[in-house]
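Undergrad: Here is how the chains run, residue by residue.
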Amino acid sequence: MINSDTTILEKEPERAAASTPVSLARRIGGLSDRAIAWLFITPTIALLLAINIFPLIWAIRLSFTNYRANRPNAVLENVGLQNYQRVLTDSDIWIAMQTTAHFVFWTILLQTLIGFSLAYLIDRKFRGHAFWTTVILIPMMLSPAVVGNFWRFLYQPQIGLFNYIVSYITGVPPSSFEMLGSVSLAPWSIIIVDTWMWTPYVMLICLAGLRSIPDYIYEAAEVDRASAWRQFWSITIPMALPFIMLAVLFRGIENFKMFDMVMLLTGGGPGSTTEVASITLKREAFESWRTGRASAFAIILFVAVFGLANIYVKALNRVKQR
Amino acid sequence: MKTMCRPLLGATMALGLSTALPSLAQADELTLCWAAWDPANALVELSKDFTAQTGTQMKFEFVPWPNFADRILNELNSGGKLCDLLIGDSQWIGGSAENGYYVKLNDFFDKEGIKMSDFAEAAVNAYSTWPKGTPNYWALPAMGDANAWFYRKDWFSKPEIQAEFKAATGRDLAAPTTWDELLETAKFFNGKEIDGKKVYGAAIFTERASEGITMGATQALYPYGFKYENTPGKYDMDGAVNSEGAIKGLEAYKELYKCCTPPGYTDAYMGETLDAFKSGQAAMAMNWFAFFPGLAKDENVGGDKIGFFVNPKEATAASTLGGQGISVVANTDNMDGALAYIKWFAQPDVQKKWWQLGGYAVHNDVLNDPSFKDSQPFAADFLVAMNQVQDFWQEPAYAILLQSAQKRFHDYVVADQGTAKEALDGLVKDWTEIFEDEGKL
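So the protein lines, in turn, are chains A and B.
Residue numbering for the first sequence is 20 to 341, as defined by the numbering used here.
Residue numbering for the second sequence is 1405 to 1845, as defined by the numbering used here.
It should be emphasised that the hints constitute simulated quantities derived from the structure, not laboratory data.
Please note: incorrect hints may appear among the correct ones.
Some chain B residues close to chain A (C-beta under 8 Å, calculated; not the full set) [said to hold, decoys possible]:
1. N1481
2. G1484
3. N1503
4. G1504
5. R1612
6. T1670
7. A1803
8. Q1807
9. D1815
10. Q1821
Chain B residues, not near chain A, derived (Cβ > 10 Å throughout) [claimed, not checked]:
11. F1464
12. A1613
13. G1629
14. Y1669
15. P1697
16. K1777
17. Y1816
18. D1820
19. L1845
Everything numeric in this text was worked out from a predicted model, so none of it was measured.
All C-beta atoms in this analysis are idealised placements derived from N, C-alpha and C, irrespective of residue type, glycine included.
With the sequences and hints as input, model every part of the structure.
TA: Set out below in structure tokens:
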């Protein structure tokens, strides 16, 4: 019976092909199916080359020159590795990289911990859990521009709700501290907003991981009298780990390029306290107009993110294979 | 033959019309680009006369100040055709002249009899010439401006406050004339309760992203003796940029920021200082003269409640230059129309109306008019300020020079990093590197 079914299934594509009135290839000037396939995907590939690959190659080319976009008539000179050398020895750029690393570390840590905890709670399916899931997801549905401006008001020392809540809890006068204007608080103000906005995203991915764990594994653990704590550490965490790692990868890449939120909230200030790498890059490219040097910096950032992401994906694959 | 000729003639005429129509449409229309602020509205009103006289429709592209440089410089760099006329910032003139973005106007001025000697010398030097001080004109002075101060005259005239001030300082309460007095007055008002509300000493520029803190800090640096070079044109900055006076000036600005600004004013520019003053939070505030007509008319804080004063002196009298010249964009498709607008705008009558509508004309016929000083409560201060203005670098590399200043000043004043000397030494180092890259050192 099984054999006869298999035979039927194997013959199905052939039957379908035979039932097609006339081969498409014959109708389009005798082109082969492969040629037609190429015909269809060529526009997409051409578009990708034009908007992704060509600018990348062009940026690589510019990174070895003294080109400045605000001086189109100036003579273009090859400067070899000078731009790369200057970027890698620029102390301001290294400070910006450290600031970026600080943001990436803390935002990922907080978002993973809170996101997983929320997913774990939502997965319990309590009464009204669907409603609360929707409520929790609202921040990630908002535009970063709206979120940035919204939090600027919340952080306003004289009229901001955030300061009043902190004041209510701690007793400190609301206008006695400035979340966006203080050197020590400004980095945390951005971390708080990013965590508020993107924790739901991590929660969603973790929730998918938790829902993918079959119930029978927990049932078997119950039969073996495994405690809830043991089940959590031996079943839940290992089986949800690939999903958590995926969320960390996505958020890590996103936060490495963090720009909009920082620009809207602090503009990189006070001073250069919150100036992340993407803001330094923007200033170099579109305010200082050192296009060659900015291209070198962009290539270095690209290689760094690409390299780190590759190492991480390999680690992720190893975890999945276990 | 006749039958063949008709269609041919028709086709030729159609072709001719189709090519002529766009240029006709362009000839009847001009786009003027500027920042979006109070004087821009006055210019729209003024330009209606130009349209009435010439039939040329005026279109305006006004960009908010924080994005003005980014938007317009991108437009110029990319060879865009958005603007036929541009009222661009004074610092752009070097780069725009050297990169061929602006039309050199010398021949046109000679042909039309427009004399630069008819305009205030400081304005011509700042808004029109490149290289600086040479008779090479790339713009017509359009809008004179300088950084100045305004204060709550009603608070200053309260007898109880005057008595308290006299007891505290030993002098009468009045608009400050030196930076020491400015600091003293700001400290006096800071934290005081007036009309049941806590008020602050002064609202000043601290903005980081574009030019704010540099325009504010130089308002203190110049009077204390800051210079860009020891010898003009030599780029010898060590000892000028970081002189003893300059260090004191930067320290004074930081002191004013630390002691007396309203909470949260860590990234404040024009809009924020106006808000602080209009909402009754600040006793004094700095801003450009361009906003003063609006402030004088303000229902809540204008009229008798407001007073104006020119930037206080210290070692010397100086004010930070604002303002712009109007240039013809080299890429325009309507060169004749754009030049016609410049010719019209340069007329003394138009300049007088420009001042009446709220624009800051710098034509000598306007400034030297005996009634000028009394025409507005800030007109006399404007005359004083325009005679003592100093401007930031107007070099082609001004954008990079400005970014270095923004970073160094904000790091020191707002983020509290390092000393004033370290900030200014760092600035000399940054600027030296930039001029070396430019091949000027």
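Undergrad: The structure should be examined with respect to each hint, and the outcome stated for every one.
TA: So, going through the hints one by one against the coordinates:
With a cut of 8 Å, the hint placing N1481 of chain B at the interface with chain A holds, because the nearest CB-to-CB distance is about 5 Å. Against a cut-off of 8 Å between C-beta atoms, the interface hint on G1484 of chain B is violated, since the closest Cβ of chain A lies about 12 Å away. Using the Cβ-Cβ criterion of 8 Å, the hint placing N1503 of chain B at the interface with chain A is satisfied: the shortest such distance is roughly 6 Å. Hint on G1504 of chain B holds. Least Cβ distance to chain A is approximately 7 Å, under the 8 Å limit.
Contact between R1612 of chain B and chain A, as hinted, is supported at the beta carbon level, the nearest pair being about 4 Å apart and thus within 8 Å. Nearest Cβ of chain A to the Cβ of T1670 of chain B: about 3 Å, under the 8 Å cut. The hint holds. A cut of 8 Å between beta carbons decides the hint on A1803 of chain B: the least distance to chain A is about 6 Å, and the hint holds. Interface restraint check for Q1807 of chain B: the shortest CB-CB distance to chain A comes to about 5 Å, inside 8 Å, so the restraint holds.
Nearest Cβ of chain A to the Cβ of D1815 of chain B: about 4 Å, under the 8 Å cut. The hint holds. Because the closest C-beta pair between Q1821 of chain B and chain A is about 6 Å apart, less than 8 Å, the hint holds. The claim that F1464 of chain B lies off the interface holds: its Cβ sits roughly 24 Å from the closest Cβ of chain A, which is beyond the 10 Å cut-off. Annotated as non-interface, A1613 of chain B brings its C-beta within 10 Å of a C-beta of chain A; the closest such distance is 5 Å.
With a minimum CB-CB distance of about 25 Å to chain A, G1629 of chain B clears the 10 Å threshold, and the non-interface call stands. At roughly 8 Å, the least C-beta separation between Y1669 of chain B and chain A is not larger than 10 Å, which violates its mark as non-interface. No beta-carbon of chain A comes within 10 Å of the beta-carbon of P1697 of chain B; the shortest separation is about 28 Å. Distance to chain A confirms K1777 of chain B as a non-interface residue, since its nearest Cβ pair spans about 39 Å, more than 10 Å.
At roughly 8 Å, the least C-beta separation between Y1816 of chain B and chain A is not larger than 10 Å, which violates its mark as non-interface. With a least CB separation of 6 Å from chain A, D1820 of chain B falls inside the 10 Å interface cut-off, contrary to its annotation. L1845 of chain B, annotated as away from the interface, keeps every beta carbon of chain A farther than 10 Å; the closest lies near 16 Å.
Checked against the numbered hints listed earlier, the structure breaks hints 2, 12, 14, 17 and 18; every other hint is satisfied.
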